[in-house]
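Each protein sequence line maps, in turn, to chains L and D.
Quick note, the first sequence lines up with residues 1 to 391 if you use the numbering used here.
Quick note, the second sequence lines up with residues 1 to 391 if you use the numbering used here.
Keep in mind that the hints are not guaranteed to be accurate.
The list treats identical chains as interchangeable, and a pair is accepted whether it falls inside one copy or across any two copies.
List of simulated lysine-lysine pairs, DSS-like, C-alpha gap at most 27 angstroms [unchecked claim]: (1) Lys384 with Lys354; (2) Lys276 with Lys338; (3) Lys384 with Lys348; (4) Lys67 with Lys101; (5) Lys77 with Lys325; (6) Lys165 with Lys67.
None of these hints come from the bench; they were simulated from the model.
Number of protein chains: 2
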Amino acid sequence: MFRITPIKNGICCIDGIYAGGVKAGFKKDDYDVGFIRSDTSLDIAYLFTTNKFQAAPIKYVKLKNIKNTNFILANSKNANALTGIEGIKDIEDILEFLSTKIDVIDPIMSSTGVIGVRLNKDKIKKAIEKFDFNERSSNKFARAIMTTDSFEKEIAFEVEGEFGKFKIGGVAKGAGMINPAMATMLCFITTDANIPQNEMQDILREINEITFNAISVDGDTSTNDSVFLMTTREGDYNKEAFKEALKKVMQKLALDIVRDGEGATKAVAFVVSGAKNKNEAKMAAKALTNSLLVKTALFGEDPNWGRIASTIGASGVECDEEKLKISFENVIVYNRGKILFDEEIEKKAHEIMKRREFKIYVDLGIGDGKFTAYGCDLSYDYVKINAEYRT
Amino acid sequence: MFRITPIKNGICCIDGIYAGGVKAGFKKDDYDVGFIRSDTSLDIAYLFTTNKFQAAPIKYVKLKNIKNTNFILANSKNANALTGIEGIKDIEDILEFLSTKIDVIDPIMSSTGVIGVRLNKDKIKKAIEKFDFNERSSNKFARAIMTTDSFEKEIAFEVEGEFGKFKIGGVAKGAGMINPAMATMLCFITTDANIPQNEMQDILREINEITFNAISVDGDTSTNDSVFLMTTREGDYNKEAFKEALKKVMQKLALDIVRDGEGATKAVAFVVSGAKNKNEAKMAAKALTNSLLVKTALFGEDPNWGRIASTIGASGVECDEEKLKISFENVIVYNRGKILFDEEIEKKAHEIMKRREFKIYVDLGIGDGKFTAYGCDLSYDYVKINAEYRT
């Protein structure tokens, strides 16, 4: 038995964890370089993108095999990806400079933004000089890592039970190039839970699979996707309670990313059941989040269920039109070979689609595989944002 | 040695082949039901969609195992897909009615349009009554099968060599739900070449792989994709010449579909080389045609090569940033670990992207696998067309 209560201050809900952001001039007039630091060295677990061209900050962490750190430096507007050895050297140079300003233990860098451009080291060093290392603003950090995001993504909980108590907080950024194949663009989670080191990575991977790996904005998997879980170990621990709290944190942040998808006006859960197995349920659900025809129908609030069926049929999963069932919330439009779609049903389904958030249920009627994926619509603004990104 | 000369009249370039279209009222005021027929029974080869929910017209042809026919009835605005047994019965009923109007041998139906709605049999029967069976208008037929297409897709050639001569003509429709996993939406090719029956299917499949299977408008594979190859066998035959002519027909029609992709302003060839093998080259090239971020960059005429690299990295193919090379036509932007992209190169690449058609070269530098895929940009109009499709 345990109780999960929302609290304030995001990643700074943990004692001894500091965070902040400054305006380094990468953005016109907003925070663009930030930090997370800790009084003590933190145990850390992480998941990185499956994109073969992993960005320099990811290569750096893997190269150094970092398991503990007390400092994360993050920047937006430049991904430091496809920058080769030079990109890694830039990180070394920047972190070397950082170490002249504050005591650091195996510091980490994390970047997001345009791919294929060298970092402006001078600007980042000037940002470091402006840091208030005693600041405890999760919000400024959350803003510093935003690119085309329209709002900050933060959350924190306190968890109490017979085992004692711990806290957990997280920040993330998303918006575009979102089809995480391991984690989303950037996500940082802090906790004081006393998790055994050997459980951290497994738990993170398990919860990631049903949260960040279940969302898609545009089907594009970035070079920089990273999720970090850090703990001070000052609190208590209970595995069940921790997994539940971590899931709540990651689900909230993942859904915020979908809600804030580039140009998105709706966040839709595609609940697939009855698949041959879990993997096929995931294939079908992810295919629905990535189909342009489904996404544009969502934008048009058009209950064109034929596009949903066609996408399932093209997704490669085992399916049969005599077994398939499709509903918009509780409105069944197609039931195992029977087209129920008439004017009245269409009107009801259309009303549901006007909501900012709703569920589409697809039952394949074959096995017991289940998966829920979260996607958004495709609007004029997605095209606008991405056609004009660099100009 | 042989010579391929463009000729007129599309599929009606072949003696004894008739085609036409009438206005049945499915469209506001345009041709929407058409036919192709022949004086004699035609040998026929076909390829159908890999979508698991194949439409009723496809199921019908497979069920009857049709190898020869003298009549194809086609309609737009309704795909007769996800309509179950009833959808097949509707075809039987319609073709039964057709047989009271003209002598038919194993007639075929072919449909395109909205999924999940029963055919209006009465309208189609009325259309049949209006057919002028002696009409020889490839163009009217091409218009009758158009949905969101903005122009007719037709082509014909005469091929002459020491072996004698034959003719070949084709029509197709495309526009949306175009990521053919076997053939595009609808394509009909007529010839009088005396091809051995056992070679027809193999040649069609081989040429299809590098033409229709190499294009994508939106990554959505429809329930109705079909390509038909029909011959009267009245002409001569030479395998090499026939393959070359068939390739020219199918390539022209496939490219026309990309050029006329919903909302498309550009047709781009993604020429991938140096892949581990042909399959990986195809995976990479197709991934580029389907990436929303690449497609919106094309629309914005933004030479954001980082998105191309990122898409390659996420496509699942073997790759290495030290071996990768990316060019817009002859302008190299990234060369095996070196970022060549500066203001001058950017300007040159931007100029190339202003063209209506151009090539993007990606050399993976690993093996000798090559594949060229054809795609288009993603514009506001794609969203508009598909958000408003049924309303």
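If the cut is 27 angstroms between Cα atoms, do Lys77 and Lys325 qualify within a copy, between copies, both or neither? So Lys77 and Lys325 pass the 27 angstroms test across copies only (24 angstroms; inside, 44 angstroms).
Within a copy, between copies, both or neither: where do Lys384 and Lys354 come within 27 angstroms Cα-Cα? both (22 angstroms within a copy, 17 angstroms between copies)
Up to 27 angstroms between alpha-carbons, please classify Lys384 paired with Lys348: within, between, both or neither. So Lys384 and Lys348 pass the 27 angstroms test across copies only (23 angstroms; inside, 31 angstroms).
When no copy is specified for Lys165 and Lys67, does a C-alpha distance of 27 angstroms or less occur within a copy, between copies, both, or neither? within (24 angstroms within a copy, 73 angstroms between copies)
Using 27 angstroms as the alpha carbon limit, work out where Lys276 and Lys338 are close: within a copy, between copies, both or neither. For Lys276 and Lys338, only the intra-copy Cα distance (21 angstroms) is at most 27 angstroms; the inter-copy one is 46 angstroms.
How would you classify Lys67 and Lys101 at a CA-CA limit of 27 angstroms: within, between, both, or neither? Classified as within: same-chain Cα gap 22 angstroms, cross-chain 80 angstroms, threshold 27 angstroms.
In this structure, none of the earlier numbered hints is contradicted; all agree with it.
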